[in-house]
Amino acid sequence: MTNRDLQVGRVLRASTRGFAIGCAVMQPEIPAFGSFVRAEGQASGEAIYGLIYDVSIEDDPFVRQFIGANPPEEVVRDQRENRQVPIEVSVLAVGCGDGETIRHCLPVQPPVTLDWLYQCRSEEIRAFTSRFDYFRLVLDSRDVPTDELLAASLRAAAAARPENERERFLVSAGRELVRLLAGDPTRLEGLLHRLRT
Amino acid sequence: MADEHSPERELEAFFGPPAPQPQPAQQLGIVVGGSLSEGLRVKLDRSTIIEGLAVGRYVVVRGQTGRRFFSIVSDVQLDALNPLIERSPPDTSDPFINQVYSGTAVFGRLEVSPMLILDEGASEPRPVKTVPAHFSPVYPASEEEVALIFGEEERQGFFHVGEPLEMEGTHVALDLERFVERSAGVFGKTGTGKTFLTRMLLAGLIKENVAVNLVFDMHNEYGWKSQTERRQEVKGLRQLFPGGDVAVFTLDEESSRRRGSKTDAVVRIGYEQIEPEDVDSLSSLMALSDVQVGALYFLRRLLGRGWVARLLDEDDPLTELDAALDRGTIHGGTLGAIQRKLGMFRRFDFLKKGASEDPIRQILDYLDHGKNVILEFGRYGNSLEAYILVANYITRRIHDHYVHRTEAALGTREGEPRPLVITIEEAHKFLDPTIARHTIFGTIARELRKYNVTLFIVDQRPSGIDPEVMSQIGTRVTCLLDDEGDIRAVFSGISGASTLREVLARLDTRQQALILGHAVPMPVVVKTRTYGTPEFYAALGVQGARDPDEVLERGRSLLRGSEEDAVEI
Chain A
0 MTNRDLQVGR VLRASTRGFA IGCAVMQPEI PAFGSFVRAE GQASGEAIYG LIYDVSIEDD
60 PFVRQFIGAN PPEEVVRDQR ENRQVPIEVS VLAVGCGDGE TIRHCLPVQP PVTLDWLYQC
120 RSEEIRAFTS RFDYFRLVLD SRDVPTDELL AASLRAAAAA RPENERERFL VSAGRELVRL
180 LAGDPTRLEG LLHRLRT
Chain B
0 MADEHSPERE LEAFFGPPAP QPQPAQQLGI VVGGSLSEGL RVKLDRSTII EGLAVGRYVV
60 VRGQTGRRFF SIVSDVQLDA LNPLIERSPP DTSDPFINQV YSGTAVFGRL EVSPMLILDE
120 GASEPRPVKT VPAHFSPVYP ASEEEVALIF GEEERQGFFH VGEPLEMEGT HVALDLERFV
180 ERSAGVFGKT GTGKTFLTRM LLAGLIKENV AVNLVFDMHN EYGWKSQTER RQEVKGLRQL
240 FPGGDVAVFT LDEESSRRRG SKTDAVVRIG YEQIEPEDVD SLSSLMALSD VQVGALYFLR
300 RLLGRGWVAR LLDEDDPLTE LDAALDRGTI HGGTLGAIQR KLGMFRRFDF LKKGASEDPI
360 RQILDYLDHG KNVILEFGRY GNSLEAYILV ANYITRRIHD HYVHRTEAAL GTREGEPRPL
420 VITIEEAHKF LDPTIARHTI FGTIARELRK YNVTLFIVDQ RPSGIDPEVM SQIGTRVTCL
480 LDDEGDIRAV FSGISGASTL REVLARLDTR QQALILGHAV PMPVVVKTRT YGTPEFYAAL
540 GVQGARDPDE VLERGRSLLR GSEEDAVEI
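In the order they appear, the protein sequences are chains A and B.
Numbering that gives the first Met the number 0 applies: residue 0 is where the first sequence begins, and numbers increase by one.
Numbering that gives the first Met the number 0 applies: residue 0 is where the second sequence begins, and numbers increase by one.
Take these hints with a grain of salt, some might be off.
[Stated by the list, open to error] Derived SDA-like pairs: lysine to any residue, alpha-carbon spacing no greater than 20 Å straight-line:
#1 B:K42 x A:E175
#2 B:K42 x A:R178
#3 B:K42 x A:R174
#4 B:K42 x A:A181
#5 B:K42 x A:L179
None of these hints come from the bench; they were simulated from the model.
Could you build all of it, start to finish, from the sequences and the hints given here?
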């Protein structure tokens with residue numbers, strides 16, 4: 000994966016708690032569960048940060064027809080690249096920024112329809128995860144695989160760092176999880192093990 | 000970067016490299032709860048290694064107003080955010096899990112007892128009356144802070160007695176003037192080094208000249224010399240102060256001679272010098288009933304000064320008693336029992352019929368001239384009856400002398416006798432609750448220093464001492480005790496001391512003591528100063544024993560007539 004702005008897809012629908020985007024095709028590692036993404040806010044320089052928590056590929060009438068037959072490769076490729084129904088990516092809002100500071104809170108306004116959603120660059124991920132206040136937003140979310148999402152986002156955040164900093168970052172994140180999940184040691188231990196896989 | 004000719008380089012070249020800057024103290028943790036009465040709770044920082052902390056250690060809490068709270072660690076605990084962790088600990092074979100849990104899910108805690116407070120800008124600490132705010136940082140005490148609390152040992156009347164825990168090289172100085180203002184005690188179970196500690200403190204009292212001492216040396220350990228457990232010889236107080244400041248008296252001349260102990264006088268007590276009160280002090284040991292004790296006074300009245308000699312004389316018809324026996328004023332059986340029980344005096348060769356010297360006069364002469372007196376008991380130290388009889392006999396009379404002199408001086412300093420400290424061992428035999436109210440030692444302890452006499456008691460069973468007397472013991476130097484009653488007794492009468500219970504129970508078996516009470520501004524656990532080392536002797540101005548090879552070489556060198564030796568001579 001390169002560090003250039005990578006478009007993931009366009010906004011289908013949105014709320015302050017999260018949004019859904021559609022993309023025509025899947026590329027290697029885009030969109031990826033647990034990855035950090037960024038949409039632009041209404042004001043200049045504003046950004047809305049989110050975590051991809053679901054990637055859904057719906058079927059369409061053409062795909063149904065071809066399932067029973069043995070379609071040739073070019074038909075399969077055509078169906079994948081020129082889908083009738085877009086791949087739907089669900090994003091949980093976890094923060095916003097004004098160009099200078101990043102806050103781990105819900106955005107004041109969601110992104111608008113057909114706005115582009117971008118994969119965050121490594122430096123953006125490092126800046127966003129220099130604090131861990133967004134853990135609470137993820138852990139309190141409903142209808143989201145919170146533990147898996149948090150673990151995947153932390154693995155991604157560790158990967159965005161130099162190798163000699165990754166262990167220390169994960170230990171710090173683990174300690175913050177201890178503070179938040181001390182009341183549920185079983186869940187805590189499961190989540191900590193997921194950080195290592 | 001400074002060049003070779005810069006002032007800094009030139010200074011460095013002349014004076015040598017600058018001393019390394021002292022490392023700033025590392026924070027141990029923060030205050031998270033507690034109270035003045037029960038102590039503060041401190042959560043340890045993740046980086047603090049709990050195994051490096053011990054009860055008894057000094058810490059300083061830096062309050063939010065700039066105040067420093069001098070405190071002592073009274074307990075060390077393990078804690079967890081969730082009690083379930085104790086029942087179902089995580090898999091700590093994974094170093095990652097271990098790192099994450101340590102200091103967050105599981106962490107160390109201290110209980111610390113604040114004792115003194117130092118306001119910002121102040122030079123003298125004062126007793127603590129409040130607590131620091133939440134999250135106040137806690138640091139180990141520094142050498143400067145210890146000196147601020149205890150004073151500099153170079154000051155007149157201060158004597159270095161040991162080092163605080165984990166602070167090697169830092170000296171705790173005891174204020175000996177305050178030490179002798181009240182009675183004091185050294186306590187500890189058998190084998191914890193009470194005798195060495197007592198001898199060290201006595202050496203300090205003599206060196207600083209704060210009081211004159213009378214030591215009843217039951218086991219001949221304080222006078223000329225003694226031995227460590229490893230059979231190494233150590234100098235006694237007479238050898239430490241060879242200029243005549245210490246005199247050794249003995250009850251058993253032959254024993255002193257055999258031990259090579261140089262003595263200044265032999266104590267002989269005449270039978271006619273013994274009074275009923277002296278025998279009364281032995282009533283429990285001699286199994287004297289109340290009737291028999293009462294009879295002693297009756298017999299003294301009827302038989303006169305020679306009453307003891309006459310009762311021990313089997314050929315004396317004791318005709319003066321016939322009328323009383325006929326009337327039934329005294330029962331024949333009672334008389335016989337008294338005679339039998341007094342028969343033990345025949346075993347004591349220091350008791351003589353018609354002894355010419357007055358031992359009290361001899362001792363008082365020395366004490367009045369500022370000479371410290373150590374009374375060795377020789378073989379009689381194995382007899383508790385001899386020890387109690389002689390200690391009571393001498394102390395009662397010396398105390399009477401001090402009462403008269405103090406009252407005669409009518410509060411003017413010039414005529415008052417020098418402060419006297421009387422050292423007794425096996426103190427519970429003199430001060431147990433059934434007899435403390437009647438013995439001279441109980442009286443002295445309760446008097447405080449009204450007549451310039453205080454006690455210095457050495458004992459392994461403080462629970463055997465009358466609680467009222469114990470509460471009058473101003474300074475307590477306590478080695479390890481493990482009996483609950485003894486621990487309670489040591490803390491009686493000292494407010495807030497119960498928080499130090501755990502500290503006392505965890506002392507090392509040797510060379511550690513908890514000092515609390517009048518002579519120290521706050522309780523302190525010390526690794527006690529080692530008595531008998533060349534450094535100790537040198538500090539007291541005594542030339543210690545040299546290595547024999549060194550002595551031999553020096554002799555050879557003198558015989559050869561070397562130039563250096565000629566210059567030295």
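For B:K42 and A:E175, compute the direct alpha-carbon distance and say whether it is at most 20 Å. Answer holds: B:K42 to A:E175 is near 17 Å, not above 20 Å.
Going straight from one Cα to the other, do B:K42 and A:L179 come out at no more than 20 Å? Cα-Cα ~18 Å, so holds.
Are the Cα atoms of B:K42 and A:R178 separated by 20 Å or less? Distance ~15 Å between B:K42 and A:R178 Cα, so the pair holds.
Take the C-alpha atoms of B:K42 and A:A181, compute the straight-line distance between them, and say whether it is at most 20 Å. Holds, at about 17 Å.
Is the Cα-Cα distance between B:K42 and A:R174 20 Å or less? Given that 20 Å is the threshold and the Cα spacing comes to 16 Å, the pair holds.
Checked against the numbered hints above, the structure breaks none of them.
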